[in-house]
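Asks: With the sequences and hints as input, model every part of the structure.
The listed protein sequences correspond, in order, to chains A and B.
Quick note: the first sequence uses the UniProt record's numbering, first residue 1, plus one each step.
Quick note: the second sequence uses the UniProt record's numbering, first residue 1, plus one each step.
Where hints are given, some of them may not hold.
[Unchecked claim] A few chain A residues that don't get close to chain B, going by computed Cβ distances all over 12 Å: (1) 51; (2) 216; (3) 276.
[Claimed, not checked] Straight-line distance between alpha carbons at most 20 Å, and here's what the computed EDC-like set of lysine to aspartate or glutamate pairs gives: (4) B:48 / A:287; (5) A:168 / B:81; (6) A:145 / A:176; (7) A:163 / B:35; (8) A:54 / B:35; (9) A:51 / B:81; (10) A:194 / B:35; (11) A:61 / B:73; (12) B:48 / A:211; (13) A:222 / A:196; (14) B:48 / A:215; (15) A:222 / A:287; (16) A:163 / B:64; (17) A:145 / B:73; (18) A:163 / A:176; (19) A:51 / A:160; (20) B:48 / A:193; (21) B:48 / A:192; (22) A:168 / B:73; (23) B:48 / A:176; (24) A:54 / A:64; (25) A:264 / A:68.
The hints are simulated quantities; they were obtained by calculation from the structure and are not laboratory data.
Positions of the beta carbon are idealized from the N, C-alpha and C atoms, including for glycine.
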Amino acid sequence: MAAAGLCPCRALLACRGGALRALCGSVRGLAAGPETHFGFQTVTEAERREKIYKVFESVAKKYDVMNDSMTLGIHRVWKDILVHKMNPSPGTLLLDVAGGTGDIAFRFINYVRSIRERQLQRKLKDHQNLSWQEISESYQEDKSKSLGDSQVVVCDINKEMLKVGKQKAQHLGYSEGLSWVLGNAEELPFDDDKFDVYTIAFGIRNVTRIDLALEEAYRVLKPGGRFLCLEFSHVSNPLLSRLYDLYSFQVIPVLGEVIAGDWKSYQYLVESIRRFPPQEEFKAMIEDAGFFKVDYQNLNSGIVAIHSGFKL
Amino acid sequence: MLRGSGRGAAAVLRRWASGGGQGSGSGSARPQPLEPSLLRFLVCPLSKRPLRYEEATNELINEELGIAYPIIDGIPNMIPEAARMTRKNPPPAEGSKQP
Numbered sequence: 001m002a003a004a005g006l007c008p009c010r011a012l013l014a015c016r017g018g019a020l021r022a023l024c025g026s027v028r029g030l031a032a033g034p035e036t037h038f039g040f041q042t043v044t045e046a047e048r049r050e051k052i053y054k055v056f057e058s059v060a061k062k063y064d065v066m067n068d069s070m071t072l073g074i075h076r077v078w079k080d081i082l083v084h085k086m087n088p089s090p091g092t093l094l095l096d097v098a099g100g101t102g103d104i105a106f107r108f109i110n111y112v113r114s115i116r117e118r119q120l121q122r123k124l125k126d127h128q129n130l131s132w133q134e135i136s137e138s139y140q141e142d143k144s145k146s147l148g149d150s151q152v153v154v155c156d157i158n159k160e161m162l163k164v165g166k167q168k169a170q171h172l173g174y175s176e177g178l179s180w181v182l183g184n185a186e187e188l189p190f191d192d193d194k195f196d197v198y199t200i201a202f203g204i205r206n207v208t209r210i211d212l213a214l215e216e217a218y219r220v221l222k223p224g225g226r227f228l229c230l231e232f233s234h235v236s237n238p239l240l241s242r243l244y245d246l247y248s249f250q251v252i253p254v255l256g257e258v259i260a261g262d263w264k265s266y267q268y269l270v271e272s273i274r275r276f277p278p279q280e281e282f283k284a285m286i287e288d289a290g291f292f293k294v295d296y297q298n299l300n301s302g303i304v305a306i307h308s309g310f311k312l
Numbered sequence: 001m002l003r004g005s006g007r008g009a010a011a012v013l014r015r016w017a018s019g020g021g022q023g024s025g026s027g028s029a030r031p032q033p034l035e036p037s038l039l040r041f042l043v044c045p046l047s048k049r050p051l052r053y054e055e056a057t058n059e060l061i062n063e064e065l066g067i068a069y070p071i072i073d074g075i076p077n078m079i080p081e082a083a084r085m086t087r088k089n090p091p092p093a094e095g096s097k098q099p
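Replies: Set out below in structure tokens:
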């Protein structure tokens, strides 16, 4: 009994196959029990997970088109800003959680490639009297290692979103330094102290136990590693806030119906944005998980915010 | 012609042998293996202990707990609810054997 108490996972051995799911739940404290919210509805945590899974399963194929039409393409700028803020150097290991469709991963790869190219050019400039052989070797090195050992691991809980991302990667020619994992942000399948940066863009809002996700982010980051979160937030300007509400509740579900044939999912999207804690409150949650130097930057008057913190 | 059909049958057999309906590949007959670089990072999400890659079944195995995580289309599925228990004879649940 004492041994079982020391390692709760051992309890798994004692159960039959069918009971695995139930046990997994209790082991992780992710049981169906406590009530939470799904948009403006009150549901159990298990129901919420299932409903959110269905939302993203249903929107996966139209996800990019919808993002473009709902934000008039501005989401691309927000994601660019996130990667610029990260400013990754060649060699950076990135874990992008909830990044199914690859938006952050592809930007990260592009960014690291351009930095690496600049470094190599500078190196060539510094050594003006290279032989042609040395020059061609340096180009070969550039080709085979254009990321300089950088790697991005995309982790998403939704199979459909990953499938779309992987297809997009093949289509756009990304393969080196990019891998895909199906996993839950609340119990990441990664070892401690492994990544330089953890990003989650428009994902944490959909995580049921945000506190667990933040603890996991902290665990997998190396000391000195950085947490970066891009998420819809709260607009403080009252006039802009009214306009934004009008747009969110009157326009977005209609766009969802017209473009993706899915009113409900986009209704959820808007409601979930309103339920997400405001900037200061979320900042406190990140600090509670152990992060230092936690800060945030509002974009477009707080329609979205980038929160940043360090594991020291 | 003959060779072609033979290859087809082999593919079907291989697929059948690799567990049929378990969603072991949408489209491609041969399961995609794990990307080696991922093994540097991956652990069991429950115990956070290292995993062993089993090429034959294309699974990531936690020996200690007896859990196997499948790799589907090259993507490791690290959701415990989707994992397979590898032990054949788990101890019977308490109470079930009592008359």
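Asks: Any hints from earlier that this structure breaks? Give me their numbers in increasing order, please.
Replies: As far as the earlier hints go, 2, 4, 5, 8, 16, 17, 23 are violated by this structure, in ascending order.
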